[in-house]
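As they're listed, the protein sequences go chains A and B.
Heads up: the first sequence runs through residues 1 to 294, numbered per the numbering used here.
Heads up: the second sequence runs through residues 1001 to 1294, numbered per the numbering used here.
Please keep in mind that the hints were generated in silico from the structure rather than gathered at the bench.
Where hints are given, some of them may not hold.
Sample of chain A residues at the chain B side, in silico, Cβ under 8 Å [to be verified]: (1) His68; (2) Trp152; (3) Leu156; (4) Asn224; (5) Pro225.
Beta carbons are placed, not taken as given, at the ideal position from N, Cα and C, and that holds for glycine.
Number of protein chains: 2
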Amino acid sequence: MVGSQDERPRIVADSTRPTPTTGADDVIAALVASTRAALDQARRPLRDVVAVGCSAPGPLDHERGIVHVAPNIHGFENVPLAARLSSGLDGVPVFVDRDTVIAAIGEGTVGAARGVRDFVYVTVSTGVGGAIVADGRIVRGATNTAGEIGHWPVALDGPRCGCGSFGCVEAFAGGRNLAERYGSRDAGDVFRAADANDARARALVGELESAMEALGVGLVNVLNPSLIVVGGGIAEHEPTHVLEPMRRGARERAFAVASKAVRIVPAALGADVGMIGAVVAARQRVAGRDPLAV
Amino acid sequence: MVGSQDERPRIVADSTRPTPTTGADDVIAALVASTRAALDQARRPLRDVVAVGCSAPGPLDHERGIVHVAPNIHGFENVPLAARLSSGLDGVPVFVDRDTVIAAIGEGTVGAARGVRDFVYVTVSTGVGGAIVADGRIVRGATNTAGEIGHWPVALDGPRCGCGSFGCVEAFAGGRNLAERYGSRDAGDVFRAADANDARARALVGELESAMEALGVGLVNVLNPSLIVVGGGIAEHEPTHVLEPMRRGARERAFAVASKAVRIVPAALGADVGMIGAVVAARQRVAGRDPLAV
Chain A
1 MVGSQDERPR IVADSTRPTP TTGADDVIAA LVASTRAALD QARRPLRDVV AVGCSAPGPL
61 DHERGIVHVA PNIHGFENVP LAARLSSGLD GVPVFVDRDT VIAAIGEGTV GAARGVRDFV
121 YVTVSTGVGG AIVADGRIVR GATNTAGEIG HWPVALDGPR CGCGSFGCVE AFAGGRNLAE
181 RYGSRDAGDV FRAADANDAR ARALVGELES AMEALGVGLV NVLNPSLIVV GGGIAEHEPT
241 HVLEPMRRGA RERAFAVASK AVRIVPAALG ADVGMIGAVV AARQRVAGRD PLAV
Chain B
1001 MVGSQDERPR IVADSTRPTP TTGADDVIAA LVASTRAALD QARRPLRDVV AVGCSAPGPL
1061 DHERGIVHVA PNIHGFENVP LAARLSSGLD GVPVFVDRDT VIAAIGEGTV GAARGVRDFV
1121 YVTVSTGVGG AIVADGRIVR GATNTAGEIG HWPVALDGPR CGCGSFGCVE AFAGGRNLAE
1181 RYGSRDAGDV FRAADANDAR ARALVGELES AMEALGVGLV NVLNPSLIVV GGGIAEHEPT
1241 HVLEPMRRGA RERAFAVASK AVRIVPAALG ADVGMIGAVV AARQRVAGRD PLAV
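Make a model of the complete structure from these sequences and hints.
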């Protein structure tokens, strides 16, 4: 991937493979294999690579490149991902950041939130996550895990969540939890069943909408962003069940002054957000700049 | 109130009176009267006053000194509080900020969060509010209303809240809402009835605890603070119903890495937090400094 500082990076090659379910070693081997395959495709040697950006699930520590735990990847706990990828890639520097932070960096520099100083990136996909940008800076928190907005409880009891808690936004709206609650293979089945008027699917989708509405209210009241950018597969395919309830919540239930100040829009970078954001983030970190100094 | 830049301001006089329920004009007149009475008590003329700091309920715009709406004060909507107080005080500059931001400035400079760069101030009192400090700076948001953590919904349905929404933390845990739901004059009655084993009071206090637990989980996951400082009358008088559930939520349900990084402690400045924080904030603003540059 190449491109100058301020333009959207161009994707010159890509290589994807399924995430192994057999533990961290295999996941890392697959990442290294994909990186090398993409370089072969682009006919560029590894020694030409200045840095590698890596978007990973979290919570993780972007400064040390350690993934603390990735609830949706089997066996991924306290993995020094940056160091292990780097050693698999002949020592090229690797910068790891949380997938949602990478997405916020991408959307905030060359996507839907370009130039916006106060925004929240939300992803609704297998899980529900996010990243918070306040006054042009990513809110990192004490141990670099801030922004896990999918794990704010929106119900006093409510279904268990993959994170070990219950009643989280993700417990209702994450694709994995939704499919598990319905008993189907993936979340798409639940939406299709709801469209076909299946009562149980409709109830689950109704709860998902209520959870997204609550998330919209909460983000606007607590963080007062001028923009909420919503990405992820479920948001992309089911905007009426995801973006619309968030907008309704913000409009009808949040403080008026904050509600009037916010727009809730789809992400602009789609499925490429991880690749694009990772390149922008790696560039910024090579340059010694704070990622996303908008 | 006097004192040097880095020490806790000394309270040399005070004058309080009940908040009028007859509209904004009367509230402003009462504030002016209290200020003048305190000066008389301290035997200092108004012309000696460099600046006045004012802690007000919000959401409000601290830059322009306008209170957008104060749900718990009758008739307080879009009030240019700083300008009106200043003209009632012979033109002395008046700096208004949200009560919870003022409290965070007080606790963050001379109180329980002194020197802490990532913390959340929470108040549980008539209402539930807060202020967020990320990397040493107050998170203001797009229109300066960020931090209204009492109005994150923690139930998909749930009781109405004074803010017009429902299911908010404040709907369960704010003193006004709690007393209204029970049908008593104040929240103290509900806690006393619960202690005397009244079933309805126990159920309401149980819901309050669940809401505070959810708030603890949510704040830790979303903001990853190293400290949560909890003040307000209800928190002070009922710590087992307020701080304990927050700690339990953070410990048992939040992401481990964030959970281990946080302490949840009572506020240090007690009922004086508004006066102390307002003086610190006014000093910082007179000096042209960002409030709370810790």
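Here's how the hints hold up against the structure:
no.: 1; hint: His68; in the structure: holds, 4 Å
no.: 2; hint: Trp152; in the structure: holds, 4 Å
no.: 3; hint: Leu156; in the structure: holds, 4 Å
no.: 4; hint: Asn224; in the structure: holds, 2 Å
no.: 5; hint: Pro225; in the structure: holds, 6 Å
Violated hints: none; the structure is consistent with every hint.
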